[in-house]
Amino acid sequence: MTGHIPGATVLRRLPFESVVVSPGSNHVALRAANERLVLSLIRSHGELSKAQIAELSGLTAQTASVISRSLIEAGLLIAGNPVRGRVGQPYVPLRLNPQGAMFFGLHVGTKKACLALVDFTGHVITETSVARGTANLSDVIAFARQAVEEIRTGFNSERNARIQGLGASIASGALRMGSDPASWLEIDDAFAAFGQDIGVTTYVSNDAVAACSAEQIYGLGGGLSDFVYVFVDESVSGGLVHDGRIHFSRDGSGANLGKVLVPNADAKMVPLRSLASVVRKKKLLSKDLELLARGIAFATYSASAVVSYSAVIVDGAISSEYISRLCALLRTLLGEIDGRSSTPLIVREGSHTRKAAALGAACLPLADRFYPEAPSNRSSSD
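If you read the sequence shown in the numbering used here, its first letter stands for residue 1406, the second for the next number, and so on.
Treat the hints with caution; some may be incorrect.
Lysine-lysine pairs mimicking PhoX-like chemistry, simulated, CA-CA at most 20 angstroms apart [what the hints assert, rightly or not]:
no. : residue 1 : residue 2
1   : Lys1760   : Lys1516
2   : Lys1688   : Lys1516
3   : Lys1517   : Lys1760
4   : Lys1673   : Lys1692
Just the calculated beta-carbon pair ranges, DEER-fashion [as the list claims (entries may be wrong)]:
no. : residue 1 : residue 2 : range
5   : Ala1733   : His1450   : 28 to 36 angstroms
6   : Gln1494   : Val1529   : 32 to 40 angstroms
7   : Ala1484   : His1528   : 37 to 45 angstroms
8   : Glu1460   : Ala1484   : 52 to 60 angstroms
9   : Glu1554   : Ser1691   : 45 to 53 angstroms
10  : Ser1584   : Thr1748   : 33 to 41 angstroms
Since the hints were derived computationally from the structure, they do not count as laboratory data. Backbone N, C-alpha and C define an ideal beta-carbon position, used for all residues, glycine too.
Go ahead and model the full structure; you've got the sequences and the hints to work with.
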(Lines of atoms letter the chains of each structure in order from A and count residues from 1; the text may use other names and numbers.)
(Lines give C-alpha, C1' and ligand atoms only; values in the text may rest on other atoms or scores of the structure.)
Protein backbone atom coordinates (compact mmCIF):
# COMPACT_ATOMS: atom_id res chain seq x y z
CA MET A 1 0.00 0.00 0.00
CA THR A 2 1.02 3.59 -0.56
CA GLY A 3 -0.53 6.89 0.36
CA HIS A 4 -2.91 8.20 -2.28
CA ILE A 5 -2.60 11.83 -3.36
CA PRO A 6 -6.13 13.30 -3.56
CA GLY A 7 -7.25 14.34 -7.02
CA ALA A 8 -4.74 12.27 -8.98
CA THR A 9 -5.78 9.12 -10.79
CA VAL A 10 -2.25 8.80 -12.11
CA LEU A 11 -1.12 7.17 -8.89
CA ARG A 12 -3.31 4.16 -9.43
CA ARG A 13 -1.08 1.60 -11.08
CA LEU A 14 -2.20 1.20 -14.67
CA PRO A 15 0.17 -0.23 -17.30
CA PHE A 16 -0.11 2.03 -20.33
CA GLU A 17 -0.10 -0.91 -22.71
CA SER A 18 -3.42 -2.09 -21.24
CA VAL A 19 -5.17 1.18 -22.04
CA VAL A 20 -7.19 1.18 -25.27
CA VAL A 21 -7.50 4.80 -26.33
CA SER A 22 -10.83 4.78 -28.13
CA PRO A 23 -14.26 6.35 -27.71
CA GLY A 24 -15.30 3.31 -25.68
CA SER A 25 -12.35 3.42 -23.33
CA ASN A 26 -12.90 3.44 -19.61
CA HIS A 27 -12.85 7.09 -18.54
CA VAL A 28 -10.61 6.55 -15.49
CA ALA A 29 -8.13 4.47 -17.50
CA LEU A 30 -7.96 7.04 -20.27
CA ARG A 31 -7.52 9.90 -17.83
CA ALA A 32 -4.74 8.07 -16.00
CA ALA A 33 -2.94 7.46 -19.30
CA ASN A 34 -3.27 11.13 -20.22
CA GLU A 35 -1.92 12.19 -16.82
CA ARG A 36 1.11 9.95 -17.28
CA LEU A 37 1.66 11.38 -20.75
CA VAL A 38 1.49 14.99 -19.56
CA LEU A 39 3.88 14.35 -16.67
CA SER A 40 6.41 12.59 -18.92
CA LEU A 41 6.31 15.46 -21.45
CA ILE A 42 6.94 18.06 -18.76
CA ARG A 43 9.73 15.93 -17.30
CA SER A 44 11.39 15.74 -20.71
CA HIS A 45 11.05 19.45 -21.51
CA GLY A 46 11.48 20.98 -18.07
CA GLU A 47 8.40 23.17 -18.32
CA LEU A 48 5.50 23.56 -20.75
CA SER A 49 2.41 25.70 -21.15
CA LYS A 50 -1.02 24.10 -21.54
CA ALA A 51 -0.98 25.00 -25.23
CA GLN A 52 2.39 23.30 -25.69
CA ILE A 53 1.13 20.22 -23.85
CA ALA A 54 -1.84 20.00 -26.21
CA GLU A 55 0.41 20.39 -29.25
CA LEU A 56 2.96 17.78 -28.14
CA SER A 57 0.48 15.24 -26.78
CA GLY A 58 -2.23 15.44 -29.43
CA LEU A 59 -4.81 16.13 -26.73
CA THR A 60 -7.44 18.78 -27.26
CA ALA A 61 -6.79 22.14 -25.65
CA GLN A 62 -9.67 21.53 -23.24
CA THR A 63 -8.43 18.08 -22.22
CA ALA A 64 -4.87 19.35 -21.75
CA SER A 65 -6.20 22.14 -19.55
CA VAL A 66 -8.36 19.81 -17.44
CA ILE A 67 -5.54 17.29 -16.96
CA SER A 68 -3.01 20.01 -16.10
CA ARG A 69 -5.36 21.60 -13.59
CA SER A 70 -6.00 18.26 -11.84
CA LEU A 71 -2.26 17.58 -11.58
CA ILE A 72 -1.71 21.03 -10.09
CA GLU A 73 -4.46 20.38 -7.55
CA ALA A 74 -2.88 17.02 -6.72
CA GLY A 75 0.42 18.78 -5.99
CA LEU A 76 2.31 17.03 -8.81
CA LEU A 77 2.73 20.17 -10.93
CA ILE A 78 3.55 23.77 -10.08
CA ALA A 79 2.25 26.72 -12.09
CA GLY A 80 4.88 29.39 -12.60
CA ASN A 81 4.42 33.13 -13.07
CA PRO A 82 2.72 34.22 -16.30
CA VAL A 83 5.13 34.89 -19.14
CA ARG A 84 4.26 37.51 -21.75
CA GLY A 85 5.23 36.60 -25.28
CA ARG A 86 5.64 38.84 -28.30
CA VAL A 87 2.07 38.24 -29.39
CA GLY A 88 -1.07 36.82 -27.81
CA GLN A 89 -2.01 36.25 -24.21
CA PRO A 90 0.58 35.54 -21.50
CA TYR A 91 1.14 31.83 -20.85
CA VAL A 92 1.76 30.04 -17.57
CA PRO A 93 4.66 27.54 -17.56
CA LEU A 94 4.02 24.28 -15.72
CA ARG A 95 6.78 22.23 -14.13
CA LEU A 96 7.09 19.24 -11.83
CA ASN A 97 6.70 19.79 -8.11
CA PRO A 98 9.79 18.23 -6.47
CA GLN A 99 7.74 17.46 -3.34
CA GLY A 100 4.81 16.04 -5.32
CA ALA A 101 5.94 12.45 -4.83
CA MET A 102 8.89 10.70 -3.23
CA PHE A 103 10.41 7.27 -3.63
CA PHE A 104 12.76 5.07 -1.64
CA GLY A 105 15.64 3.56 -3.57
CA LEU A 106 17.66 0.67 -2.16
CA HIS A 107 20.81 -0.41 -3.95
CA VAL A 108 22.43 -3.66 -2.84
CA GLY A 109 25.99 -3.96 -4.11
CA THR A 110 28.65 -6.52 -3.41
CA LYS A 111 30.46 -4.23 -0.95
CA LYS A 112 27.74 -2.05 0.56
CA ALA A 113 24.03 -1.36 0.63
CA CYS A 114 22.57 2.13 0.46
CA LEU A 115 19.07 3.53 0.80
CA ALA A 116 17.99 6.95 -0.45
CA LEU A 117 14.81 8.99 -0.50
CA VAL A 118 14.44 10.69 -3.88
CA ASP A 119 12.00 13.46 -4.79
CA PHE A 120 9.86 13.76 -7.94
CA THR A 121 12.61 15.52 -9.92
CA GLY A 122 15.41 13.10 -9.02
CA HIS A 123 17.02 15.03 -6.18
CA VAL A 124 18.34 12.80 -3.41
CA ILE A 125 16.77 14.14 -0.21
CA THR A 126 18.68 11.87 2.14
CA GLU A 127 20.87 8.80 1.81
CA THR A 128 22.39 6.28 4.19
CA SER A 129 24.63 3.29 3.60
CA VAL A 130 26.19 0.37 5.40
CA ALA A 131 29.22 -1.76 4.59
CA ARG A 132 28.29 -5.29 3.62
CA GLY A 133 29.55 -7.49 6.41
CA THR A 134 27.21 -10.21 5.21
CA ALA A 135 25.39 -11.08 2.01
CA ASN A 136 22.32 -12.48 3.77
CA LEU A 137 19.01 -11.22 2.40
CA SER A 138 17.52 -10.91 5.88
CA ASP A 139 20.32 -8.55 6.99
CA VAL A 140 19.74 -6.29 4.00
CA ILE A 141 16.00 -6.16 4.72
CA ALA A 142 16.76 -5.29 8.35
CA PHE A 143 19.01 -2.41 7.24
CA ALA A 144 16.36 -1.11 4.85
CA ARG A 145 13.63 -1.37 7.49
CA GLN A 146 15.62 0.66 10.01
CA ALA A 147 16.60 3.30 7.43
CA VAL A 148 13.01 3.71 6.20
CA GLU A 149 11.66 4.02 9.75
CA GLU A 150 14.24 6.66 10.67
CA ILE A 151 13.36 8.76 7.63
CA ARG A 152 9.60 8.48 8.02
CA THR A 153 9.73 9.33 11.71
CA GLY A 154 10.75 12.87 10.78
CA PHE A 155 7.78 13.32 8.40
CA ASN A 156 4.20 14.33 9.15
CA SER A 157 1.31 12.31 7.73
CA GLU A 158 1.02 14.50 4.62
CA ARG A 159 4.67 14.02 3.63
CA ASN A 160 4.51 10.31 4.36
CA ALA A 161 1.51 10.05 2.02
CA ARG A 162 3.75 11.40 -0.77
CA ILE A 163 6.04 8.35 -0.55
CA GLN A 164 4.88 6.26 -3.49
CA GLY A 165 7.03 3.13 -3.44
CA LEU A 166 10.37 1.49 -2.76
CA GLY A 167 12.58 0.23 -5.54
CA ALA A 168 15.45 -2.20 -4.94
CA SER A 169 18.30 -2.81 -7.37
CA ILE A 170 20.33 -5.93 -6.71
CA ALA A 171 23.84 -6.40 -8.07
CA SER A 172 24.68 -9.78 -9.58
CA GLY A 173 25.38 -12.33 -6.84
CA ALA A 174 25.00 -9.76 -4.07
CA LEU A 175 22.46 -11.66 -1.95
CA ARG A 176 22.38 -15.10 -0.39
CA MET A 177 19.92 -17.28 1.45
CA GLY A 178 22.03 -19.26 3.87
CA SER A 179 25.03 -20.62 1.95
CA ASP A 180 23.40 -20.41 -1.50
CA PRO A 181 22.78 -17.43 -3.79
CA ALA A 182 19.28 -16.05 -3.32
CA SER A 183 16.93 -16.71 -6.24
CA TRP A 184 14.79 -13.93 -7.70
CA LEU A 185 11.71 -15.68 -6.33
CA GLU A 186 13.15 -15.61 -2.80
CA ILE A 187 14.16 -11.95 -3.21
CA ASP A 188 10.73 -11.01 -4.55
CA ASP A 189 8.96 -12.79 -1.69
CA ALA A 190 11.18 -11.16 0.94
CA PHE A 191 10.61 -7.66 -0.44
CA ALA A 192 6.87 -8.27 -0.87
CA ALA A 193 6.63 -9.13 2.83
CA PHE A 194 8.81 -6.13 3.68
CA GLY A 195 6.55 -3.86 1.65
CA GLN A 196 3.46 -5.16 3.41
CA ASP A 197 5.10 -4.52 6.78
CA ILE A 198 5.95 -0.89 6.06
CA GLY A 199 2.89 -0.13 3.93
CA VAL A 200 4.81 0.64 0.74
CA THR A 201 4.67 -1.09 -2.64
CA THR A 202 8.05 -2.60 -3.53
CA TYR A 203 9.72 -3.12 -6.91
CA VAL A 204 12.76 -5.33 -7.38
CA SER A 205 15.20 -5.65 -10.27
CA ASN A 206 18.89 -5.94 -11.02
CA ASP A 207 21.19 -2.94 -11.17
CA ALA A 208 21.27 -2.95 -14.98
CA VAL A 209 17.48 -2.54 -15.39
CA ALA A 210 17.39 0.06 -12.60
CA ALA A 211 20.28 2.04 -14.10
CA CYS A 212 18.64 1.90 -17.53
CA SER A 213 15.39 3.24 -16.05
CA ALA A 214 17.32 6.13 -14.50
CA GLU A 215 19.06 6.76 -17.83
CA GLN A 216 15.69 7.08 -19.55
CA ILE A 217 14.22 9.38 -16.92
CA TYR A 218 17.17 11.51 -15.83
CA GLY A 219 20.03 10.77 -18.20
CA LEU A 220 20.96 10.64 -21.85
CA GLY A 221 18.24 8.23 -22.83
CA GLY A 222 15.56 10.83 -22.21
CA GLY A 223 16.16 12.22 -25.69
CA LEU A 224 16.35 8.83 -27.39
CA SER A 225 13.47 6.49 -28.09
CA ASP A 226 15.60 3.62 -29.45
CA PHE A 227 19.03 2.61 -28.17
CA VAL A 228 21.04 -0.30 -26.82
CA TYR A 229 21.97 -0.11 -23.16
CA VAL A 230 25.09 -1.93 -21.95
CA PHE A 231 25.82 -2.34 -18.24
CA VAL A 232 29.17 -3.68 -17.04
CA ASP A 233 29.80 -5.02 -13.55
CA GLU A 234 30.44 -8.60 -12.47
CA SER A 235 28.70 -9.49 -15.72
CA VAL A 236 27.81 -7.71 -18.95
CA SER A 237 24.08 -7.24 -19.37
CA GLY A 238 21.58 -4.93 -20.99
CA GLY A 239 19.68 -4.90 -24.22
CA LEU A 240 17.36 -2.91 -26.41
CA VAL A 241 15.27 0.08 -25.43
CA HIS A 242 12.65 0.53 -28.16
CA ASP A 243 9.97 3.23 -28.26
CA GLY A 244 11.07 4.23 -24.77
CA ARG A 245 10.43 0.76 -23.37
CA ILE A 246 13.04 -1.60 -21.89
CA HIS A 247 13.19 -4.95 -23.70
CA PHE A 248 15.60 -6.95 -21.57
CA SER A 249 15.20 -9.01 -18.44
CA ARG A 250 16.75 -8.84 -15.00
CA ASP A 251 18.01 -12.43 -15.16
CA GLY A 252 19.22 -15.00 -17.67
CA SER A 253 15.79 -16.42 -18.40
CA GLY A 254 14.74 -13.69 -20.82
CA ALA A 255 16.18 -11.43 -23.50
CA ASN A 256 19.55 -9.97 -22.54
CA LEU A 257 22.55 -8.70 -24.47
CA GLY A 258 24.83 -10.75 -22.23
CA LYS A 259 23.58 -13.94 -23.90
CA VAL A 260 24.82 -12.94 -27.38
CA LEU A 261 27.73 -15.08 -28.57
CA VAL A 262 30.94 -13.16 -29.26
CA PRO A 263 34.59 -14.19 -29.83
CA ASN A 264 36.86 -14.42 -26.78
CA ALA A 265 40.66 -14.06 -26.69
CA ASP A 266 41.01 -17.56 -28.24
CA ALA A 267 38.53 -16.74 -31.00
CA LYS A 268 36.01 -19.16 -29.47
CA MET A 269 32.37 -18.07 -29.35
CA VAL A 270 31.20 -17.41 -25.79
CA PRO A 271 28.34 -15.42 -24.20
CA LEU A 272 29.21 -11.73 -23.89
CA ARG A 273 28.54 -11.82 -20.13
CA SER A 274 31.47 -14.21 -19.66
CA LEU A 275 33.93 -11.53 -20.83
CA ALA A 276 33.18 -9.52 -17.68
CA SER A 277 35.58 -11.77 -15.77
CA VAL A 278 38.27 -9.21 -16.61
CA VAL A 279 36.36 -6.61 -14.57
CA ARG A 280 37.07 -8.57 -11.38
CA LYS A 281 40.76 -7.74 -11.69
CA LYS A 282 42.11 -5.03 -9.38
CA LYS A 283 43.49 -3.18 -12.39
CA LEU A 284 42.26 -3.53 -15.94
CA LEU A 285 44.93 -3.75 -18.61
CA SER A 286 44.51 -2.27 -22.07
CA LYS A 287 44.14 -5.75 -23.56
CA ASP A 288 41.34 -6.52 -21.09
CA LEU A 289 39.37 -3.45 -22.12
CA GLU A 290 40.01 -4.15 -25.80
CA LEU A 291 38.64 -7.69 -25.44
CA LEU A 292 35.57 -6.43 -23.62
CA ALA A 293 35.01 -3.61 -26.12
CA ARG A 294 35.33 -5.99 -29.06
CA GLY A 295 32.74 -8.31 -27.54
CA ILE A 296 30.34 -5.42 -26.94
CA ALA A 297 30.91 -4.18 -30.50
CA PHE A 298 30.03 -7.59 -31.97
CA ALA A 299 26.94 -7.89 -29.78
CA THR A 300 25.60 -4.39 -30.43
CA TYR A 301 26.25 -4.64 -34.17
CA SER A 302 24.44 -7.98 -34.26
CA ALA A 303 21.48 -6.37 -32.52
CA SER A 304 21.43 -3.53 -35.07
CA ALA A 305 21.04 -6.08 -37.86
CA VAL A 306 17.71 -7.17 -36.38
CA VAL A 307 16.25 -3.99 -34.89
CA SER A 308 17.00 -0.42 -35.92
CA TYR A 309 18.38 1.90 -33.26
CA SER A 310 20.58 4.98 -33.26
CA ALA A 311 22.81 4.83 -30.21
CA VAL A 312 24.67 2.68 -27.70
CA ILE A 313 24.84 3.83 -24.07
CA VAL A 314 27.54 2.15 -21.98
CA ASP A 315 27.54 2.30 -18.20
CA GLY A 316 28.31 0.14 -15.21
CA ALA A 317 29.49 -0.32 -11.66
CA ILE A 318 33.08 0.39 -12.65
CA SER A 319 35.05 3.62 -12.69
CA SER A 320 34.07 6.40 -15.09
CA GLU A 321 37.62 6.26 -16.49
CA TYR A 322 37.12 2.68 -17.65
CA ILE A 323 33.68 3.55 -19.08
CA SER A 324 35.25 6.40 -21.08
CA ARG A 325 37.98 4.15 -22.42
CA LEU A 326 35.46 1.44 -23.30
CA CYS A 327 33.36 3.94 -25.25
CA ALA A 328 36.38 5.26 -27.17
CA LEU A 329 37.35 1.71 -28.15
CA LEU A 330 33.77 0.85 -29.05
CA ARG A 331 33.48 3.82 -31.45
CA THR A 332 36.60 2.70 -33.27
CA LEU A 333 35.57 -0.96 -33.41
CA LEU A 334 32.04 -0.24 -34.64
CA GLY A 335 33.55 1.92 -37.36
CA GLU A 336 35.79 -0.96 -38.41
CA ILE A 337 32.95 -3.49 -38.42
CA ASP A 338 30.55 -1.35 -40.43
CA GLY A 339 32.59 1.46 -41.94
CA ARG A 340 30.31 1.74 -44.96
CA SER A 341 27.22 2.71 -42.96
CA SER A 342 25.86 6.16 -43.76
CA THR A 343 24.41 6.40 -40.25
CA PRO A 344 27.04 5.12 -37.79
CA LEU A 345 25.90 4.26 -34.29
CA ILE A 346 26.35 6.95 -31.68
CA VAL A 347 28.25 5.73 -28.59
CA ARG A 348 27.67 7.58 -25.33
CA GLU A 349 28.77 7.18 -21.74
CA GLY A 350 25.93 6.61 -19.31
CA SER A 351 25.39 8.68 -16.18
CA HIS A 352 25.12 5.86 -13.61
CA THR A 353 28.71 6.24 -12.40
CA ARG A 354 28.13 9.96 -11.78
CA LYS A 355 24.90 9.57 -9.79
CA ALA A 356 23.88 7.97 -6.51
CA ALA A 357 23.46 4.24 -7.06
CA ALA A 358 20.14 4.23 -5.20
CA LEU A 359 18.71 6.78 -7.67
CA GLY A 360 18.31 4.02 -10.25
CA ALA A 361 16.42 1.89 -7.75
CA ALA A 362 14.10 4.78 -6.90
CA CYS A 363 13.28 5.09 -10.61
CA LEU A 364 11.55 1.69 -10.58
CA PRO A 365 8.41 2.87 -8.71
CA LEU A 366 8.59 6.26 -10.43
CA ALA A 367 8.58 4.64 -13.88
CA ASP A 368 5.79 2.23 -12.97
CA ARG A 369 3.49 4.85 -11.52
CA PHE A 370 4.17 7.90 -13.63
CA TYR A 371 5.47 6.88 -17.06
CA PRO A 372 3.31 5.96 -20.08
CA GLU A 373 5.07 2.66 -20.67
CA ALA A 374 7.13 1.31 -17.85
CA PRO A 375 8.58 -2.14 -17.30
CA SER A 376 8.44 -3.09 -13.65
CA ASN A 377 9.30 -5.90 -11.33
CA ARG A 378 6.72 -5.39 -8.68
CA SER A 379 6.81 -7.38 -5.46
CA SER A 380 3.59 -6.35 -3.73
CA SER A 381 0.19 -5.10 -4.73
CA ASP A 382 -1.91 -2.09 -3.83
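Verification of the supplied hints:
no.: 1; hint: Lys1760 / Lys1516; result: holds, 17 angstroms
no.: 2; hint: Lys1688 / Lys1516; result: holds, 17 angstroms
no.: 3; hint: Lys1517 / Lys1760; result: holds, 16 angstroms
no.: 4; hint: Lys1673 / Lys1692; result: holds, 17 angstroms
no.: 5; hint: Ala1733 / His1450: 28 to 36 angstroms; result: holds, 31 angstroms
no.: 6; hint: Gln1494 / Val1529: 32 to 40 angstroms; result: holds, 39 angstroms
no.: 7; hint: Ala1484 / His1528: 37 to 45 angstroms; result: violated, 20 angstroms
no.: 8; hint: Glu1460 / Ala1484: 52 to 60 angstroms; result: violated, 18 angstroms
no.: 9; hint: Glu1554 / Ser1691: 45 to 53 angstroms; result: holds, 48 angstroms
no.: 10; hint: Ser1584 / Thr1748: 33 to 41 angstroms; result: violated, 51 angstroms
In this structure, the hints that do not hold are numbers 7, 8 and 10, in rising order.
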